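Peer 1: Top line first, the protein sequences correspond to chains L and W.
Residue numbering for the first sequence follows the numbering used here, beginning at 8 and increasing consecutively.
Residue numbering for the second sequence follows the numbering used here, beginning at 54 and increasing consecutively.
No lab work stands behind these hints, which were simulated from the structure alone.
Treat the hints with care, since some could be wrong.
As the list claims (entries may be wrong) - Below 27 Å or equal to it, Euclidean Cα-Cα: the simulated DSSO-like pairs (lysine-lysine) are:
#	chain 1	residue 1	chain 2	residue 2
1	L	207	W	105
2	W	123	L	207
3	L	371	W	79
Stated by the list, open to error - Calculated from the model, a selection of chain W residues having no Cβ within reach of chain L, i.e. all distances over 12 Å:
#	residue
4	103
5	117
6	344
Treat the numbers as computed from the prediction; the structure is a model and nothing was measured.
Just so you know, even glycine gets a beta-carbon here, dropped at the ideal spot from N, CA and C.
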Amino acid sequence: MILKILKKDLKVDFADKRGILLTLLLPIILITLFAFSFGGVGRKKRAPSPTTLLVVDQDSSKTSQDFIAQLDSLNTLRLISKQETEAVELVQKGKNVAALVFGKGFEEAVSNGGRLPLEIKYDVARELETQMVLAVVRGRIMHSFGDIKALSKVNVRMNSVIKETTDKPNPGLVQAVAGTAIMMLLFSVAAIGGGMLDEKESGTLKRLLISPIKPIHILLGKMGAAMVVSVVQLTFMFVFAWLAFGLPIFMDTTSLILLILCISFAVSSFGVFLVSTVKTRQQLNGMSTIIIILMSAIGGSMIPISMMPAFMQDMAIFSVNYWGIQGFFDIFWRQLPLLEIVPKMLILLAIGVGMTLISIQLFKRNIVRLE
Amino acid sequence: MIQVTNLSKSFANTKAVDDINFEIKKGEIFGLLGPNGAGKSTILNMMSTILKIDSGAISIDGLDVKPNSKESKQLIGVVPQEISLYEELSAYENLLFWGNLYGIPSKELKERINSTLELIGLSDRKKDLIKTYSGGMKRRINIAAALLHDPKILLMDEPTVGIDPQSRNRIFEVVETLNKQGMTIVYTTHYMEEVERLCNRIAIIDSGKIIAQGTQSELQELVNVKENVQLEFDFLSEDQVASLRKSLSYPMIQKEKTLIIESTIKELSGIIAACNQLGLMINDIQLQKVNLETIFLSLTGKQLRD
């Protein structure tokens, strides 16, 4: 009897081949993703991906230029030369990890064995990455200017370009709240998308199609409901973070409200995209888990984006999580004005519009068709 | 009212509807009778414009549905085979939602909901959630949802599936009331009793084709099956049969101790009297009526519920 139940269950489960494929694909994708994240791919130890470091050469001497060339030749760093103001702005906006400033008198200090006028301008929120960069710079100084005996002389002055003030939250808190909120939102919206399959299975979708309502209106109605739920959920999460952890949600209310709306739109379009892609609940479960985990991993919901290899950081731009998290960092940590955050909001809106347009086509093909 | 001309529909390599033609007059209850998978729901789905027509045409009230799906939707109400209601909403909320999709003004819609609930006999339960309803009650709300926009034609796709005889009777009463009010009804089923009770005219469908259509008496004339009385005796000699033939004018066949007499129930008393006169001892009497089941069997060689 047990065997009969077992055989029947396997037959039923394996009847949905696409669903089974997605179930098998999920762990493979996760293994691959984390293997890349933790540098475990390949039999040999993989060379670390280079970190982009901005360089400001105020000394403009042969020694400083030679040293910059040496740093640039390292596999771990990729140097970009900038003026100090621009470099600071790029770091402030979160575009680069840090800027290494070679002050005037660098060449002289090297030849006299004096204290090197080196300063690193960085973002405290990315201290870990900065320390890794700094370790490479220090090592190279020791290697290049071996006659500098005292280690204290190669101390690089660290100067955060974003000042920590009492009204600013801990960057770790911003990461935790923003990252988790968006990831959980994606799961909620995927569940709402499942409601469309319920409508199909129960026959209410058929009745909707019989009525004078246009199929696209059914889809947009579902998306609207998902968006309302998303706005409520995100607001609830931020209010909780304010009450429980003191996240200053009233710091820039306009930007926060607009960003919540943009994220909710992008996420709800993702919900309808998911449900338009699949035909069964098993497929929905597999597909949603894969895409949500993938987007959350590369987008910085699970691991801070700065901890990931460069190519994965490049991929992050395809994730809703990335633009949302960076937007929240802009508001709470970088405290950028609304105009500076608008491009991220526009990208979220563009993602939403793109996914909605694709969903409309897929919805007609996969959900509406009775054949 | 409805004209279906050379209608065909295929799914992959299967021809679900194969070049069918029929006409439904205003105020008729037209039955589409056939086994599961015969193509009845496919025809209804094309009539309700949610399924594309491969070839042929459907005209409703003079309107070709293919290019005029929006207008056609206002003319027809559809009762789907599935109970297409939201279980978490009350009957009233469900009807309000479905009615709103047809753009009925709020006040008018509320009046229609109340009168429709009255018609189906569920006014007192309107605030209860659908999930608390019995199967039969859900079926009645399923019908009500199709009536709110006051359609001229009601398409009913197996509206009594899975319910008890009492609930079925309530639905029959609703159908009859609607028809008396002048509504044209297309009724699909694989229960011949329903068609026999409700329908003025019937189309018998099998494997996507209409194999016969007309009133029930017209269909009976089509097939060479007659109503008969079967009598089983203790003993039956050829002389006794010959004597019976002389006293009764009906055609009869003897099969050992059984006599099959081609006649109706009305003549049964006369047949029994004739048998008594000859001293024949009747062990069993069976009346074989000619119904749609018999007609379907005769036309297709299959049972309706095959």
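Peer 1: If you test the structure against every hint from before, which numbers come out violated?
Peer 2: Violated hints: 3, 4; rest satisfied.
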